[in-house]
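Using the sequences plus the hints, can you model the full thing?
So the chains spell out like this:
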Amino acid sequence: MDKGMKILIVDDFSTMRRIIKNLLRDLGFNNTAEADDGSTALPMLKGGGFDFLITDWNMPNMEGIALLKAVRADPMLKSLPVLMVTAEAKRDQIVEAAQAGVNGYIVKPFTAETLKEKIDKIFERIEAQG
Amino acid sequence: MDTDEERLNLHLDLARQLVECLEKGQRSEADDIIRQLRLPYERELFEELGKLTRELHEALKSFRGDARLIELSRDEIPDAKERLNYVVSMTEQATHRTLNALDESMPIAESLHGRSGVLREQWNRFRHRELSVDEFRELARELDDFLIQTGQETERLKSLMSEILMAQDYQDLTGQIIRRVIRLVQEVEENLVGLIRLSSARMDLPRVDKAVVAEGGDSMDSRGHGPIVPNTQDMVADVVSSQDDVDALLSSLGF
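Residue numbers (numbering that gives the first Met the number 0), protein chains in the order written: chain L, 0 to 129; chain C, 0 to 254.
Incorrect hints may appear among the rest.
To be verified - Label pairs and their calculated CB-CB ranges:
| no. | chain 1 | residue 1 | chain 2 | residue 2 | range |
| --- | --- | --- | --- | --- | --- |
| 1 | L | ARG24 | C | LEU118 | 24 to 34 Å |
| 2 | L | LYS2 | C | THR90 | 32 to 42 Å |
| 3 | C | SER221 | L | ARG24 | 30 to 40 Å |
| 4 | C | ARG114 | L | LEU26 | 23 to 33 Å |
| 5 | C | ASP133 | L | ALA32 | 52 to 62 Å |
| 6 | L | THR14 | C | ARG222 | 15 to 25 Å |
| 7 | C | GLU137 | L | ILE125 | 50 to 60 Å |
| 8 | L | VAL94 | C | THR94 | 28 to 38 Å |
As the list claims (entries may be wrong) - A few chain L residues facing chain C, derived, Cβ under 7 Å:
| no. | residue |
| --- | --- |
| 9 | ASP1 |
| 10 | GLY3 |
| 11 | PHE12 |
| 12 | THR14 |
| 13 | TRP56 |
| 14 | MET61 |
| 15 | GLU87 |
| 16 | ARG90 |
| 17 | ILE93 |
| 18 | ALA97 |
| 19 | VAL106 |
| 20 | PRO108 |
In short, the hints are calculated from the structure, not lab data. This one's a predicted model, so the numbers in the text were calculated from it and none came from an experiment. Backbone N, C-alpha and C fix where the C-beta goes; we use that ideal spot for every residue, glycine too.
Shown next as C-alpha cells:
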C-alpha cells in the first residue's frame, strides 16, 4: 500500500473530517483532501488523482450512497476503493452499500484500530487481485 | 326582477289575507298564512346549516385521515425527547472522556517537566566541572532513568491525545441527531399551520405547501437516518449493534 496515495474524506461535519484526517496522518497517510458532501466530492473525484475515498452516508444534497453509486457508474472512477464511515446501522442499508460495491463499512462511533484494520484489508485484497 | 316582484306581490297578498283573517278572528287560517310567509327563510337557514355540517364533516375526515399527524404525536414527539436526552448524555460522556484523559496527562507532563529541570541543573554543574565522580555516576544513572521514562511517558501522552481526538466524534453524532429533531419540529410546525388553515378555512389564510408538509418522513429507506438512539422507534428497525455485526453481515455477503 502506497502511503503517498491521495485520499478524499467526505463528511458534512468538519469535526469528523478532522478526526479522520488526524487518524490517517497517524497511520502515515498525509496526502488528503476534504469535501462536505457528495455533490462537492464528485467533481473533485472526476478531476482525477484520487486513489481512495472515505465517505459518510447521511449528508445534505448528495448522500454517501448516491456518491458511491455515481462513482461505480463512472468509467473513470468505477474501480476506486470506497470505505464508508457512517452512523447508519440498519442491516438493509449495509446490504445496499455492499450491493452498490462498497469496499468496506465502518459504523460510528469507531476506533483508530478499526480504521487501520479496514484500510489494510481493503488494500490487501486489491493487491491480491491486482 | 320579475320573480322578485312576484314574490313581493305574493307576500303583500298574504299579508292582506293575514290582517283580514286576524280581524275576523280566524286563527287557524292566520297560522297557515304565517307558515307560508316563513317558508322561504327557513329553507335558506337549512341550506346554510347543511353547508356548515358538510364542512365540519370534511374537516374531521381529513384530520382523521392524516396518519402522519397521528404518527407525529404518538411516536415522533416522545422519540424526539429521547433523542435530545441521548444527546445530553453523549455530550456528557464525551466531556468526561476528554477531561479524564487530561487529568491523566497533566501529572505526566508535570513530572517530565520537573525531572528535566533537576537534571538540567545537575548537567550544568557537570559542565562547569563541579561534580564529584560519585555525583557524576549518580547523574548518569538518573539520565538513563529519565530517558527511559520519557520514552514511556510520551508514548502514554500520545495515546491520551488520541483518546481526546476520538472523544470529539460526539459532535458529528449528536449533530446528526439534533438535525433530525429540527426536521421534526419543522414538520410539526407546518402541520399545525395546516390544522389552523383547516379549522378556519373561511378566514382565507395563506395556503401551506402540502409537498413541504409531506417531506421529512423517513419513507425512503435509502435516506440517511443518523445514529440509532436507544428507547426510540430506531430500535424497532433491524439494526446492527457493533462493528462486529457489520463485519459478520458483510462476510455473509461474501466480503
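Quick rundown of the hints versus the structure:
1. L:ARG24 <-> C:LEU118: 24 to 34 Å: Given a distance of about 32 Å, which is inside 24 to 34 Å, the answer is holds.
2. L:LYS2 <-> C:THR90: 32 to 42 Å: 35 Å, holds
3. C:SER221 <-> L:ARG24: 30 to 40 Å: Given a distance of about 33 Å, which is inside 30 to 40 Å, the answer is holds.
4. C:ARG114 <-> L:LEU26: 23 to 33 Å: 32 Å, holds
5. C:ASP133 <-> L:ALA32: 52 to 62 Å: 60 Å, holds
6. L:THR14 <-> C:ARG222: 15 to 25 Å: 22 Å, holds
7. C:GLU137 <-> L:ILE125: 50 to 60 Å: Holds, at about 57 Å.
8. L:VAL94 <-> C:THR94: 28 to 38 Å: Holds, at about 36 Å.
9. ASP1: Violated - the Cβ of L:ASP1 stays beyond 7 Å from chain C, reaching only about 23 Å at its closest.
10. GLY3: Hint on L:GLY3: violated, closest Cβ of chain C at ~23 Å, above 7 Å.
11. PHE12: 4 Å, holds
12. THR14: Holds, because the Cβ-Cβ distance from L:THR14 to chain C comes to roughly 4 Å (cut-off 7 Å).
13. TRP56: Where the cut-off is 7 Å and the nearest Cβ of chain C is about 5 Å from L:TRP56, the hint holds.
14. MET61: 11 Å, violated
15. GLU87: Holds, about 6 Å.
16. ARG90: 5 Å, holds
17. ILE93: 6 Å, holds
18. ALA97: 5 Å, holds
19. VAL106: Holds: closest Cβ of chain C sits about 5 Å from L:VAL106, inside 7 Å.
20. PRO108: Result: holds, 5 Å to nearest chain C Cβ.
In terms of the numbered hints stated before, the structure departs from hints 9, 10 and 14, listed from lowest to highest.
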